[in-house]
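Protein sequences, first through last, are from chains A and B. Going by my numbering, the letters in the first sequence line up with residues 1 to 179, in that order. Going by my numbering, the letters in the second sequence line up with residues 1 to 366, in that order.
Since the hints were made in silico from the structure, they are not lab data. Hints should not be assumed to be uniformly reliable.
What the hints assert, rightly or not - Pair ranges (Cβ atoms, derived): (1) A/Q7 / B/V355: 47 to 53 Å; (2) B/S353 / A/R10: 46 to 52 Å; (3) A/V43 / B/S20: 58 to 64 Å; (4) B/N305 / A/E89: 18 to 24 Å.
Claimed, not checked - Examples of chain B residues toward chain A, derived with CB under 8 Å: (5) M1; (6) L9; (7) D14; (8) L19; (9) D21; (10) V37.
As the list claims (entries may be wrong) - Calculated from the model, a selection of chain B residues having no Cβ within reach of chain A, i.e. all distances over 12 Å: (11) A143; (12) S184; (13) T256; (14) T271; (15) T287; (16) K304; (17) K332; (18) V355.
Small disclaimer: the values here were computed from a predicted structure and weren't measured. Where a beta carbon is used, it is the ideal one built from N, C-alpha and C, also for glycine.
Chain by chain, the residues:
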Amino acid sequence: MSEKDTQFARVVATHRHALLRYALRRLDDRSDAEDLVAETFVVAWRRFDDIPPRDQELFWLYGVAGRVLVNVLRGHQRSMRLEMRLALERERELDTQRYNEEQLEQLMWALSQVKPDERELLQLTYWERLSYREVGAVLGCTEKAAGIRISRARQHLRQLLNDTDATATITRLPNQETL
Amino acid sequence: MNENLLRTLMSDVDPTRDLSDETLDELVPLDGLLSRVRNSIQESLAPPVRERASMWRRVSFRASAAAALILVGSGTAAILTSSPSVAPSGFALGAVHSTWVRYPATSSVTPVSYATSAKSVNPALVTHGRINERLSLDGLTIAPPPASVHPRVPASQLEPLLWATTALKGTSPVAFGYADITLSLTGAGAPTLRSVPVWVAIATTHACTAKNPCSVTKLASMPLTIVVSGYGLPNAAATSGTPVAFVYQSAGKNSTTKPKLLAAIEQSSVTWLQDGPVKNRSLSITTGPFPCGALRGYSLVRAKNGSTLTVESFTPESTIGDNCASSIVVHKNIPLTTTHNGVTRWLVDPTASFVHAPTGPIGVTK
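So that you can see chain A by itself, here it is in the shape it has in the complex (with noise of 0.2 Å):
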């Protein structure tokens, strides 16, 4: 096995949950899923003299993954009636709920109202849990660039949300909760 095989090999090992979550958030489809996180690591392999520094790879790779799935996989985009269910399922369980179906609702007419390469960014924010920085890193912008479309992203979002709910409001949860 040639040293690119190898280094490939542990870049597969290494990202291949990051990218899988990643499709799997913006896929319904697990197979659909599957094709991407492959079409991606193909493309990786492509252009493996452009694969950056260890601890920038998964943000080029989710780069890759954006590209991959704007290019292949349009119209192909997960409803997330499921997990809004799954959601309202768990918070009702709990004793003090923290949102409502209606609250719900709303973030997810916002979310479908947001432009396509702000959705993006959302979820590449709450979802992947990227800061501005590595944002940058998957963009190919930098960490103030970044930050900026993320802060207009999420303005646009409260905006929509604002819109029909000014008055939500988070309850903490207790730390600890004896089984």
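Use these hints to put chain B onto chain A, whose structure you have.
Chain B in isolation, oriented as in the chain A frame:
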């Protein structure tokens, strides 16, 4: 809506919220992923002979039909090709993996009914559960299996599952038996199967009756829509194998309309046994047997008399991929708690009994 609430909501609707790395590895094993990527790279490096769909793409074969012969097959596989039209989606070439994901209660839907027996319709085609005559169709040949080859999973288990295939709705059963199939459809990305021992269920939209039997000769020459579907199984002699599962539809041999392949996606509620009391906040069960790599997941529902556990097997939509182990009995741990924001909660009452859900085919909710 403040930032905390927004963050909470987004976290709660994260589709991968409850997926551990272990689960992801079951969904997409590293070896399989590496193998697929390498194959794809090699394909892209090879000189193109003709246009071919990506290994990752689904391929289906379009056809119109007047009548329908339905054929359901499963078994170990190899690969080939022939001449139908091809469109994206429908037929997956990929590994079949065992998943173990908790599904919401509503994923267990009402069991579907199925034809119970086709023996009386065309007894001549099947002897002792094995296809005994050669049936040559457009791109598909069904032949008697070698005497030395025996199915690993009994007919009693598979027959109801195959007849419950969604694509068979509205059709009349013709035959069910163990057979060797050869699939030779030329087309981009179409698989080729050579003498693959499988279970097959054959049906038609024509009314096959005692007075008007669907003989082998008649079946082969009729204008037919043919569907092939199945459950991947290694044969009895194999210690490992690659599963095959698909639906084949054809307008009939020599028809100007090309045959079509569809994905076989079926679900079934299967039996399970509880392995002792709840330990470590988990319920241990033994489940199966079911086809190789076809475990889908489970749902756990609170009920008045305890908690109802449904274990679902899943007919893979893919047919040819990585080898899968021949073991068909599975031991699983079901976590009974969930932790969120540092708070751990029981999903169900661990002291209550776990009730078995009804078994049998269930409708596909996809």
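* To do: Please flag the earlier hints that this structure goes against, numbers listed from lowest up.
  => 3
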